[in-house]
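Colleague: Protein chains in written order, with our numbering: chain A, 1 to 321; chain B, 1 to 431.
Treat the hints with caution; some may be incorrect.
Stated by the list, open to error - The calculated label-pair distances, taken between Cβ atoms and stated as ranges, are:
1) B:Asp100 with A:Thr167: 44 to 50 Å
2) B:Pro304 with A:Thr167: 42 to 48 Å
3) B:Asp100 with A:Gly142: 32 to 38 Å
4) B:Asp223 with A:Arg77: 19 to 25 Å
Derived by calculation from the structure, the hints in this document are not laboratory data. None of these values were measured; they are calculated from a predicted model. Don't be surprised by glycine CBs; every beta carbon is placed ideally from N, CA and C.
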Amino acid sequence: MTEETYRPQPAAEAAPPARRGRRGRRALSAGRLAEWRLGWLLCAPAALVMLIVTAYPILYSIWLSLQRYDLRFPDDREFVGLANYATVLTNGFWWNAFAVTVLITVVSVAVELVLGMGLALIMHRTLVGRGLVRTATLVPYGIVTVVAAFSWRYAWTPGTGYLAELTTGGATDPLTERASALAIIILAEIWKTTPFMALLLMTGLALVPEDLLKAAAVDGAGPWQRFVRVMLPVMKPAILVALLFRTLDAFRIFDHIFILTGGANETSSVSMLTYTNLIQGLNLGIGSTLSVLIFIAVAIIAFLFVKLFGTAAPGSAQEAG
Amino acid sequence: MKIRRQRDRSTPRPRRRATVLTTLAAILALVLPTSACGTGDTGIPEITLYYAPEENLPRVVEQCNAQAEGRYRISYRVLPRGADDQRMQLVRRLAAGDRDLDVIGLDVTWTQEFASAEWIREWTGAYRQQAEQGTLEVPLASATYEGRLYAAPKNTNVQLLWYRTDLVDTPPQTWQELIDTSLRLKREGRPYRVITMGAQYEGLVVLYNSIVASAGGQILNPDGTKAVFNQKAVEALAILQRFASAGVTSPSFTNAMEDDARLEFQTGNAAFQLNYPFIYPALQEADPQLAQRVRWARYPGVEPGVPSRTTIGGYNLAVSAFSEHPQEAFEAALCIRSPEHQLFSAVNDGVPPTIESVYQDPQMAEAYPMRELILAELRDAATRPRTPAYQNISTVISTELSPPAAIRPERTADTLRSAVDDALESRGVLP
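With these hints in hand, go ahead and build the complete structure from the sequences.
Modeller: Written out as C-alpha cells, the structure reads:
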C-alpha cells in the first residue's frame, strides 16, 4: 500500500498539460502564453539573484582553485591547472579531515534520527501540556550554536566544568584527546540538532491518517507493527528529507569544532580545514580547491539521496515514488 | 487590467511615493557623511589607529592629538582581543584595499607577511631614522623585511623564569637543571611543577623557538626561503620532548595558554613558571604573600654557561598602503611609540618598551623590578622565523609539536622540513 491511494495530489493534475505544451511544441493559447511569460517574469528577479550570489561565487572559486594564488605572494600568482587538486587529494590532513567529517556526519545523523523519532512521537502524542513539551524540546535548537559550544567547552574543561570532574575526576582534559574530543563534538552536535530532526519528523507524523492506524489496529496489528508497517512507509518522504537536510548540514560542521577544539589533535573537519587555509593561511588557491571539493561532496550526497532513495521535497509531484 | 484599475482607485499612492523619497533621503543622510570620510568637519585629517585593546592607549592618543596641533587627529579603533581575530580583520580589510585604515598595530610575526603582500608602506628617510633611533636591535629586526623597514616597534616582550625562593635557592640555568631541580622537589614531596604554555598554538612555537635559538639551531635558512631544522634544532626537539614527558609539567600543560599558566601558578602548587612579566603585578594583586616568595631569573638555556636566547613578542606600528594621509600616519605612529609614550604604556599597561634608554627611567624601576633582566634578555633575544609565510609555518610547527610528549626528534624534524617547505611555497595544506 502506497500513499498514492489515499492522498489527493492536486499538483499531478496541473503538471501534465504544461509539460506536454512545452515538449510537444503545441501552440499555446494567448492566455496560456501570457501566463507563462508572467511566470517567468515573476521568477526572473529570484533567478537573477541566485545567479549573482550562487553561480558567480561557485564559478569564481573554481577559477581560483586552478591557480597558485597566495595573497602574501602577489607576484607568484599563476595558472597551475589541477595541481592544487593533486596537492589536496594526496595530503594526509585532507583525508584525515574527510574521515573525521564522515564519522561525525554518520554517527550524529544516525543517533539524531533515532532520538528525533522518539521526540517526534512524544511531541505528537502528548495530550497534556503539548505546548510546553514542544517548547522544551526546541530549546537546544534555539540556542546560538557558538554559545552552546562554549557551554560544552567549559563543562568539559577541568576546573571550570562539572562534566570533566564527573567523568575523569579532573585528571585529564577530555578535549585534548582525539577520541574523547570527537565524542564530545558529536554529542554537542546531537544535542543541538536533534530537535530540528524531531520537528521535520513530526511533520511526517502529521501526515499519517488516524483512520489508517485505527484500521490497522482493528486488523490486529500491534504498536510495533503499526509503527513499522504503517507509520514509517507513510513518513518515508519526510524521513528522507530530514536525513538529507541533516546530512548536508552535518557534513559542513564548523562551529562546534571551532569552539571546542579549534581543530587541534586531528579533529578538523573539511570546513575547518578550508577556513584555516583560506582565511588564516590566505592561500586562495588551495583554500578554493578545498571548498570546491566540499561542494562536490555535498552535491554527491544530495544526488545519492535524490536518485537512490528518491527523496523529494514534501508536497511535490514525485513524492509518491 | 483589473489590477491596474484597483490600483488607480486606491488612495495611498502619492503618500507611498513620499515615503519612498523620505527613505531615500534618510539612506543618503546616513551614507553621505561616511563617504566623505577622512576629513571631519574641521578639515583636520583623521588618522585611524587599528590596534589591539590596550587600556590606557586612549590617553596616549589624546596626548599625541594635543601635540599634533591640528596637523592630524588620531582616532583609536580597538581590534578584537585575540591575535588571530586581529590579524583576520586587518587582512580581510587590507586585501580588499580598505582606505579607512591608516596606522595598524601588527604582532611582530606579521610584519613580513603584510610587507610582502604590499599592504604596508616602507619607512624611509627621516621617518625611518626616527623609528630606528635608540631602538633595541632584535625588536627592530622584527620590523624589517628584505633589508627594509616596514614598521616601528611599539613594544616588546620576553618570557622570564619565575621561581619560588622558599623552594629553590639558586635558579636553574639550563633546561636540564630545571627538570632535575623539579624532579628533586617532587621526590621531596614539595611543590615541584614547572608551569608554562604548551597548548597547540603560537605559544608552543615560541617555546620551541627559544630552545632552538638557545641551542644555536636554525629553523629556516638565513634568507627564510628554505626549511633547515639542523642538528641543533633536532636537539631542541629532544629537550622539549624530555621536558614534556619528565613528569614535571602540570596535567593541563598541553592545553595551557598564558593566562591559564598564570592562574595555575597563583594557586601555589608550582615551583617554576615560564611566562611574560605581566604575571608579576597580577600575582602581587592576587596573592601578595606568594608574590614575596617569587623571584625571576633568566630563561633557561641549553648549554651550561651559554646564555639563553629568548623569543620576543610585542607589537609594531605600520602604515597602511591604502592610507590617504600617509605622511600624517607616519607622524602619528612615531608619536604613539615615542620614548615618552612607551614609558607611559610600560608603566600603565605592562608592555615593555623597545627603546633602550626608556629602561633607565626611575618610573621603570618601580614598575619593573626585573627590568635589568628583561633588558639583558632583549639584548640577545631571538625572533621567530622572519618570512611572509610565518603564519603557515607556525600552524605547521604547532601541529607537529603537539602534544610535545609525543615528539620523536628525528622523525618529527623530517616531517617538519617537508611541511615547512610546502608552506613556504604555498603548496601545502594547512592542518
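Colleague: Indicate, hint by hint, whether the structure satisfies it.
Modeller: Quick rundown of the hints versus the structure:
no.: 1; hint: B:Asp100 with A:Thr167: 44 to 50 Å; result: holds (49 Å)
no.: 2; hint: B:Pro304 with A:Thr167: 42 to 48 Å; result: holds (44 Å)
no.: 3; hint: B:Asp100 with A:Gly142: 32 to 38 Å; result: holds (36 Å)
no.: 4; hint: B:Asp223 with A:Arg77: 19 to 25 Å; result: holds (21 Å)
Going through the hint list in order, the structure satisfies each hint without exception.
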